[in-house]
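Residue numbers (my numbering), protein chains in the order written: chain A, 1 to 204; chain B, 1001 to 1175.
No lab work stands behind these hints, which were simulated from the structure alone. All values reported here derive from a predicted model rather than from experimental measurement. Beta carbons are placed, not taken as given, at the ideal position from N, Cα and C, and that holds for glycine. Errors might be hidden in some of the hints.
Unchecked claim - If you want the footprint, here are the derived chain B segments under chain A, 3+ residues with CB under 8 Å:
id : region
1  : 1092-1098
2  : 1105-1116
What the hints assert, rightly or not - Once the Cα atoms are required to be at most 20 Å apart in a straight line, the calculated DMTMM-like pairs of lysine to aspartate or glutamate come out as:
id : chain 1 : residue 1 : chain 2 : residue 2
3  : B       : K1114     : A       : D90
4  : A       : K41       : A       : E11
5  : B       : K1110     : A       : D90
6  : B       : K1110     : A       : E36
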Amino acid sequence: VSALSRRPADEFYDLFEAAITNAERAAKLLLQMLEEFPDDKDLVRQILLTEQEGDRITQALIRQLGDGSRPPLSRAAIHKLAGAIDDVVDYIEEVADSFGLYKVEAPMDPSVALAQVLVESTHQLSIAVATLRTGDSMKDAIIEVHRLENEGDRLSRDAIASLFAGGVDPMVVIRWKDIFEHMEKAIDACEDVAHTLEGGTFDA
Amino acid sequence: MGVDDWIGKPCHPEEVVARVEAVTRRHRRVEADAVAEAGPLTMGELEFRIDRYEVLAAGRPVDLTKREYELLLLLARSDGRVLPREDIYQRVWGYAMARGDRSVDVFVRKVRHKLEAASPDWRYVHTHFGIGYRFDPEPEDASALHQPVGAEAPEADAPVVAAEDGAAAASLVTK
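For reference, chain A alone in the conformation it holds in the complex (with noise of 0.2 Å):
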């Protein structure tokens, strides 16, 4: 019964919730990998499944479109959302691959608050998406979102900014300046979601 009652909008809400779901878990596996940093090396291959899962899920929906259902939003938007969705989680899993990539020996503390944020706006994402099927507002989830790329802007310029304090040496400059710019882009493309979930044509 439960089968029959389900509108072919459902299969896009459930993909949707997946994708979200999935970008939350990979920044709790950052935040967690950097709180435990680097007691624990499977945290970085764990997010990279994040990454190939997130793939995985835009490609179902894009093949959903294809299939011939009716969306409940317009092609455009599933488009641009599933892509702003993956984004978040490929910015996650550039920053784990770049602890080892530069070799890094251990985290900074602006990195584990803006791992901190990154999991709350990909929270408040999760309930933003959640409204998608229940056509509750989004509008504080969104507003949350907002506020949190402000403060992810703050942290990263702030981060950056005490790198140049004199003396500190120029490699531990250049990985760190890296990874804060990918930990802000990442927490940019959560705003990016929440652009386009306020731009979305509803019409389930």
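Add chain B to chain A, keeping to what the hints say.
Chain B only, in chain A's frame:
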């Protein structure tokens, strides 16, 4: 008298600073080599064979990386004084510590794990929350005697953020 380096005018102030720091680093290495001739240093169950960059615990070598070795030796030579994180970083890594860098905490944790495995009945590196670390070999039984009944020892490597929690926290010491 003598000249270690020179730079012509006009020059960028940052290049002058970088060159001075490079000379200082080289000078420190020379000092370290001089101390290396002083012979072994024994503390608790640990024996530092400075000329071989080696530490023995109860006669068995402790598998330390170069940086872990330098960190441990620096602490061991500090006569029980508390060394601030920033000073440890400057002297082991040779550069100023970036704000919020957890490298010292991570390496102290690694050294502690290795020492606990090699010399389980002793505690060597003590945390001074919000400040840094102190080397003081202490038999495990002695640290148990100092522990108030029912009190739990704070986590050895509590986050630096937590360590900044007021002046009272600065007096907390763990293994």
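Right, here's what the structure says about each hint:
Check on the region 1092-1098 of chain B: 6 of its residues sit with their Cβ under 8 Å from a Cβ of chain A, so the three-residue criterion for coverage holds. Only residues whose beta carbon comes within less than 8 Å of a beta carbon in chain A count, and the region 1105-1116 of chain B has 3; three or more means the coverage holds. Between B:K1114 and A:D90, the direct Cα distance comes to roughly 36 Å. Violation of the 20 Å bound is thereby established for this hinted pair. For the given pair, A:K41 sits about 35 Å from A:E11 by alpha-carbon distance, which is inconsistent with the 20 Å threshold.
A threshold of 20 Å between alpha carbons decides the hint, and for B:K1110 with A:D90 the separation of about 31 Å lies outside it, so the pair is violated. The hinted pair formed by B:K1110 and A:E36 meets the criterion: a straight-line CA distance of about 12 Å does not exceed 20 Å.
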